[in-house]
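Undergrad: Quick note: the sequence shown uses my numbering, first residue 3, plus one each step.
Note that these hints are calculated values from the structure, not bench results.
Treat the hints loosely; a few may be bogus.
[What the hints assert, rightly or not] Distance condition first, Cα-Cα at most 20 Å in a straight line; then the derived SDA-like pairs of lysine to any residue:
1) 360 to 311
2) 276 to 390
3) 276 to 288
4) 14 to 214
5) 14 to 89
6) 14 to 24
7) 14 to 47
8) 14 to 35
9) 14 to 43
10) 276 to 360
Here the structure is a predicted model, which means the values were calculated and not measured.
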Amino acid sequence: MTPDQLQLLVAKSHPGAADLLPHAPTRALALLEDAAARACEPELERALLALHDAVIARHDLPPVLAGVRLGEVVRWDAWTVTFEGSAAATGSPAMVRALRAGAVGDPLLRRALERAGRALRAVLPEVRSVGGAHPALALELPGPALDTAQGGLAEADAERQAWALGQGLLALLRWRDARLSPGLIAPNELRDSGSGVVLCCLTPSDPPDWAGCLVTLSASTPASDASPLGAIIAGLSVFPPSDLDEAEAWLREALRDTLRELHQELITWNAAIKSRDRRGRLARLCARLASAAPPPAGRGHVGVDLEGRPTVVQSAADWVGWGAVDEQPATVYTRDEGISPVLARRLLRAHAAAPPNKRLQREVGAADDHTIRLCRWLAAGLQLRTIALLLARTE
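All chains, please: the whole structure from these sequences, using the hints.
TA: And the structure:
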């Protein structure tokens with residue numbers, strides 16, 4: 003039995019005792035016994051005996067077994083108890099399975115523990131068998147628990163989830179092929195070695211519960227999105243298959259769908275990159291064209307203002323101004339600021355509304371065709387400006 007199994011068993015019969023179980027198991031045991039004394043219910047009695055067995059499982063055992071300093075209990079059965087702890091010599095995480103204090107003197111159970119160690123080496127070659135006053139099986143853990151590795155998988159991407167789920171399934175398949183079963187595994191028995199997932203269970207049991215193992219595996223690799231891979235992880239936790247081959251087929255199909263989605267995203271991303279590149283080249287071309295074609299230099303007549311005064315447009319390579327003959331002209335364009343769209347459109351409307359007047363052109367000293375050439379330049383500049391603004395809005 004594992005602590006999670008015990009928690010569920012106690013919670014079914016006495017929720018109050020289940021709340022006390024993690025930090026005050028003896029108080030939870032007293033509550034259960036009081037409840038059992040008041041009501042003879044089979045489920046309550048089973049929970050009471052299971053909790054009592056868990057409380058006494060580690061009694062009379064030394065703090066260090068097989069070179070491992072004992073920590074929390076991982077699982078226990080009728081004659082052994084398994085701890086997660088740390089190696090006394092190095093401090094690295096380790097796991098140890100030892101005979102209970104009452105079974106230490108039984109030669110049959112000592113031999114059974116030795117045989118269990120030999121069987122486990124088919125899937126866990128690093129398992130050590132230690133004799134002496136307290137026989138035990140010891141294993142140095144290859145890495146952190148899978149659900150806490152690299153900061154946890156709750157925010158993991160699809161690649162990390164696929165790796166964890168696939169490696170965990172491979173670990174279960176190795177156990178099945180070795181004709182071993184971990185029963186219902188505890189979450190901290192799935193370890194991330196960096197190169198794969200290792201199922202570090204020192205207590206093989208029958209009958210196998212592969213569906214329960216898949217539920218634990220899916221809980222150690224939580225889904226963080228609605229992708230096909232996230233859907234299969236959620237499905238394994240709700241309706242797991244009892245056959246590992248079926249679970250493998252599910253995973254292969256989910257990976258195919260995930261790769262298909264990633265391929266489509268890559269195509270879309272590539273098309274967006276190409277589109278942005280085309281827009282960027284066109285924007286740079288517009289800027290180069292505007293700087294490569296300065297306004298024509300000269301002086302031209304553009305009709306009269308509301309007071310009947312002739313207006314003149316004057317231009318140089320880096321400036322265009324427009325106004326009445328006897329006033330300071332307004333700036334329509336500078337090299338640094340570009341075209342003023344409001345004044346440029348007013349100038350173009352004034353030119354379109356006023357017929358050419360050669361007499362006024364001679365009076366203001368304007369060239370015959372300068373106004374037409376400058377207005378064409380302004381119209382083209384306004385078009386380039388509009389194109390540049392549209393390109394900027396589509397970024």
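Undergrad: Can the restraint linking residue 14 and residue 35 be considered satisfied, given a maximum Cα separation of 20 Å?
TA: holds (15 Å)
Undergrad: Just to be careful, I want the Cα atoms of residue 14 and residue 214 compared with a cutoff of 20 Å; is the pair within it?
TA: holds (18 Å)
Undergrad: When you check the alpha-carbon spacing of residue 276 and residue 288, does it fall within 20 Å?
TA: Given pair residue 276, residue 288 holds - Cα atoms ~18 Å apart, limit 20 Å.
Undergrad: Given the proposed pairing of residue 14 with residue 24, does the C-alpha separation stay at or below 20 Å?
TA: Holds - the C-alpha atoms of residue 24 and residue 14 are around 16 Å apart, at most 20 Å.
Undergrad: Mind checking the alpha carbons of residue 276 and residue 360 for me, to see if they're no more than 20 Å apart?
TA: Since the Cα atoms of residue 276 and residue 360 sit roughly 53 Å apart, the hinted pair is violated (cutoff 20 Å).
Undergrad: Is the straight-line distance between the alpha-carbon of residue 14 and that of residue 89 20 Å or less?
TA: Violated. Residue 14 to residue 89 sits at ~37 Å, over the 20 Å cutoff.
Undergrad: Taking 20 Å as the top limit, are the C-alpha atoms of residue 14 and residue 47 close enough?
TA: holds (12 Å)
Undergrad: Do the alpha carbons of residue 276 and residue 390 lie within 20 Å of each other, as the hint requires?
TA: Judged against 20 Å, a Cα distance of about 18 Å means the pair holds.
Undergrad: Compare the distance between the alpha carbons of residue 14 and residue 43 with 20 Å, and conclude whether the hinted pair is satisfied.
TA: holds (12 Å)
Undergrad: Next pair to validate is residue 360 with residue 311; report whether the Cα-Cα distance is within 20 Å.
TA: Holds, at about 15 Å.
Hints 5, 10 from the list above are not met by this structure, while the remaining hints are.
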